[in-house]
Amino acid sequence: MHKRETFKIVLITLGVLAVIVINAIIFTKDEPDILDIPQTVEAKKPVPDFSVYSDVKEKKKLFLIIYGPR
Numbered sequence: 213m214h215k216r217e218t219f220k221i222v223l224i225t226l227g228v229l230a231v232i233v234i235n236a237i238i239f240t241k242d243e244p245d246i247l248d249i250p251q252t253v254e255a256k257k258p259v260p261d262f263s264v265y266s267d268v269k270e271k272k273k274l275f276l277i278i279y280g281p282r
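Using my numbering, you'd call the opening residue of the sequence shown number 213 and step up by one each time.
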């Protein structure tokens with residue numbers, strides 16, 4: 213009787229392991245590689261140099277004209 217119980221425990225353990233492995237294979241998604249670097253889009257216009265403006269109000273006004281909501 214002892215051999216039969218051991219055999220059942222081994223079968224149940226193998227069954228549980230099989231279910232875990234199958235679920236791991238099915239539900240594991242292909243993640244994108246972290247090292248993939250997306251290509252950047254080139255700027256259509258040159259970026260202005262805001263450091264040439266000493267007046268902060270003028271600098272803000274120019275910034276909002278260029279990059280503000282459209």
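Wrong hints could be hidden among the right ones.
[Unchecked claim] Calculated cross-link-like contacts (lysine-lysine; reagent style DSS-like; alpha-carbon spacing at most 30 angstroms):
hint, residue 1, residue 2
1, K241, K220
2, K269, K256
3, K257, K241
4, K271, K257
5, K241, K256
6, K257, K272
7, K257, K269
8, K273, K256
[To be verified] Pair by pair, the computed Cβ-Cβ distance ranges are:
hint, residue 1, residue 2, range
9, G227, D248, 32 to 40 angstroms
10, I277, K241, 57 to 65 angstroms
11, D248, G280, 31 to 39 angstroms
For the record, the hints were derived by calculation from the structure and aren't laboratory data. Just so it is clear, CB atoms sit at the ideal spot from N, CA and C, and this is done for glycine as well.
Take the C-beta atom of I277 and the C-beta atom of K241, compute their distance, and say whether it sits inside 57 to 65 angstroms. Cβ of I277 to Cβ of K241: about 45 angstroms, so the range 57 to 65 angstroms is violated.
When you take the CB atoms of G227 and D248, is the distance between them in 32 to 40 angstroms? Hint holds: Cβ distance 39 angstroms, inside 32 to 40 angstroms.
Distance restraint between K257 and K241, which requires alpha-carbon spacing of 30 angstroms or less: Violated. K257 to K241 sits at ~40 angstroms, over the 30 angstroms cutoff.
Measure nothing beyond the straight line between the CA atoms of K257 and K272; if it is 30 angstroms or shorter, mark the hint as holding. Within the cut-off at roughly 19 angstroms; holds.
Sort out whether K269 lies within 30 angstroms of K257, counting only the CA atoms. holds (23 angstroms)
Sort out whether K256 lies within 30 angstroms of K241, counting only the CA atoms. violated (37 angstroms)
Is the straight-line distance between the alpha-carbon of K271 and that of K257 30 angstroms or less? Holds, at roughly 18 angstroms.
Is K241 within 30 angstroms of K220, Cα to Cα? Roughly 34 angstroms between the alpha carbons, so the hint for K241 and K220 is violated.
Given hint K256 paired with K269 - CA-CA distance at most 30 angstroms: Holds. K269 to K256 sits at ~26 angstroms (cutoff 30 angstroms).
Check whether the Cα positions of K273 and K256 lie no farther apart than 30 angstroms. holds (21 angstroms)
For D248 and G280, compare the CB-CB distance with the range 31 to 39 angstroms and indicate the outcome. About 33 angstroms separates the Cβ atoms of D248 and G280, which means 31 to 39 angstroms holds.
In this structure, the hints that do not hold are numbers 1, 3, 5 and 10, in rising order.
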